[in-house]
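Asker: Go ahead and model the full structure; you've got the sequences and the hints to work with.
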Amino acid sequence: MPMNNTIPPKMEEIFTRTWSMATAAPLVGEQDYLPLKVDDLTCDVSLGFDLFMRIRMAGGNEAEMVIVCPRETPLPAELKKKIEQAGISLVYFHRRDLTQVLSYLNDRLGEVLQEDSLTPVQKAQTVARVTVLWVRHFFTDASMQQEAYQRIGFQYVDHLFGFLCRDSFHRAALTDLYQHEPNIYAHCLNCSLLSMAFAQYLGWPENKIKDLGGGALLHDIGLTRVPQEILSKMDMLSDEEWALITRHPSTGYGILKNFASETLGVLSIVLQHHENCDGSGYPEGLKLTQIHPMARVMRIVDSFEAMISQRHWRAAFNPAHALQIMTRECKESNIFDKKLLISFIKFLSS
337 MPMNNTIPPK MEEIFTRTWS MATAAPLVGE QDYLPLKVDD LTCDVSLGFD
387 LFMRIRMAGG NEAEMVIVCP RETPLPAELK KKIEQAGISL VYFHRRDLTQ
437 VLSYLNDRLG EVLQEDSLTP VQKAQTVARV TVLWVRHFFT DASMQQEAYQ
487 RIGFQYVDHL FGFLCRDSFH RAALTDLYQH EPNIYAHCLN CSLLSMAFAQ
537 YLGWPENKIK DLGGGALLHD IGLTRVPQEI LSKMDMLSDE EWALITRHPS
587 TGYGILKNFA SETLGVLSIV LQHHENCDGS GYPEGLKLTQ IHPMARVMRI
637 VDSFEAMISQ RHWRAAFNPA HALQIMTREC KESNIFDKKL LISFIKFLSS
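In this text, residue positions in the sequence shown follow this note's numbering: the first is 337, and each later residue adds one.
Watch out, some of these pointers could steer you wrong.
[What the hints assert, rightly or not] Listed next, with one range per pair, are the computed distances between beta-carbon atoms:
1) 432 / 484: 20 to 28 angstroms
2) 679 / 439: 35 to 43 angstroms
3) 626 / 446: 41 to 49 angstroms
4) 667 / 646: 21 to 29 angstroms
5) 667 / 582: 22 to 30 angstroms
6) 572 / 417: 49 to 57 angstroms
7) 655 / 562: 26 to 34 angstroms
8) 678 / 574: 33 to 41 angstroms
9) 586 / 543: 20 to 28 angstroms
[Unchecked claim] Simulated pairs of lysine-lysine, BS3-like, Cα-Cα distance not exceeding 25 angstroms:
10) 459 / 373
11) 544 / 593
12) 373 / 418
13) 675 / 544
14) 373 / 417
15) 459 / 418
16) 623 / 593
17) 459 / 417
FYI, nobody ran anything at the bench for these hints, they're computed from the structure.
Ideal Cβ placement from N, Cα and C applies to all residues, glycine included.
Answerer: Next up, the structure:
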């Protein structure tokens, strides 16, 4: 049967009426929707989830999420073309469909990696976007926190490491893979990328680099057990709230410790990434020689990535300013492994 590339009447109506992308006032219930790159959609294939656009119709005062392709309908090529011609790069799906979206993207990933028309960076960007969604799913859905599903996430790490190892992949392109979302899921992906590139610069063997990347991807899983109102609080935390924060490495370790395939390196990163070399960190107050080498790397990468990323209470720091702060802290209180910090600065300037 030939594929139907035409736009169904209800969808066509959206494009024949006057509308605009709504970017001003927040949309009621907007937190229930997650963005998806138009580039990641395949035409003439049923999505398995409802596809939305955030628009404001002519004469309307409020933005709304409008279904442009229902879950059971194959995405028409003409619809995708019209969306792209309108200058739209992001569409949306409801967070309840995250499982279906990940299944759709994962099924398509093999084709993407074999696509000759895409550059290595474009392929790596696709893997990075899928990885962030996987992190969100693994972190927030307790039923998915199983060893078999974790292996899928580590396969993404393997793919990303493979891109970092390509002769044609310049380190400056690392920022092209960064995910600029102010949440722990993007933070974990960015830390994974940065830590693997740094370990590669240090000359670590492949198995240890991948362990580091996997641990970095999971390092903040314990924060998902901390109430969101505490994580997003603008005022100073109470003693009880801070105690919850300081338990997140132990909580994350507790989630992962019974996975038979979990390595000491991965578990050490999750448990020790807030330990300081002077013993002032948490949860155990370990000192330099007691902290696993991978966790020492993670302490540096975690701090740097957090500083250069926007947070709800502050703007992002300039990378040079972030390194100045970290260097000063290291001199004053020996928070970081000094030799590793010097190497990290050289790595970023190389």
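Asker: All hints, please: hold or fail.
Answerer: The hints, checked one at a time:
1. Checked against the hint of 20 to 28 angstroms, the C-beta distance between residue 432 and residue 484 comes to roughly 23 angstroms, which is consistent with it.
2. For the pair residue 679 and residue 439, the supplied restraint of 35 to 43 angstroms holds, since their beta-carbon distance comes to about 40 angstroms.
3. Checked against the hint of 41 to 49 angstroms, the pair residue 626 and residue 446 passes, with Cβ atoms roughly 43 angstroms apart.
4. Distance hint check for residue 667 and residue 646: the Cβ-Cβ separation is about 27 angstroms, which falls inside the suggested range of 21 to 29 angstroms.
5. Take residue 667 and residue 582: their Cβ atoms lie about 25 angstroms apart, and the range 22 to 30 angstroms holds.
6. Distance hint check for residue 572 and residue 417: the Cβ-Cβ separation is about 52 angstroms, which falls inside the suggested range of 49 to 57 angstroms.
7. In this structure the supplied range 26 to 34 angstroms holds for residue 655 paired with residue 562, their Cβ-Cβ distance being about 28 angstroms.
8. In this structure, residue 678 and residue 574 meet the distance hint of 33 to 41 angstroms, their C-beta atoms being roughly 37 angstroms apart.
9. At roughly 26 angstroms, the beta-carbon separation of residue 586 and residue 543 lies within the given 20 to 28 angstroms, and the hint holds.
10. Note on residue 459 and residue 373: the hinted pairing holds, with a Cα-Cα distance of about 13 angstroms set against a maximum of 25 angstroms.
11. At most 25 angstroms may separate the alpha-carbon atoms for a hinted pair to count; residue 544 and residue 593 meet this at roughly 18 angstroms.
12. Restraint check for residue 373 and residue 418: satisfied, since their Cα atoms lie roughly 15 angstroms apart, inside the 25 angstroms limit.
13. At roughly 19 angstroms between alpha-carbon atoms, residue 675 and residue 544 fall within 25 angstroms of each other, so this suggested pair holds.
14. For a cut-off of 25 angstroms, the pair hint linking residue 373 to residue 417 stands: about 14 angstroms separates their Cα positions.
15. A threshold of 25 angstroms between alpha carbons decides the hint, and for residue 459 with residue 418 the separation of about 24 angstroms falls inside it, so the pair holds.
16. Proximity of residue 623 to residue 593 is assessed by CA-CA distance (about 22 angstroms); at most 25 angstroms being required, the pair is judged to hold.
17. With a C-alpha separation of about 21 angstroms, the suggested pair residue 459 and residue 417 falls inside the 25 angstroms cut-off, and the hint holds.
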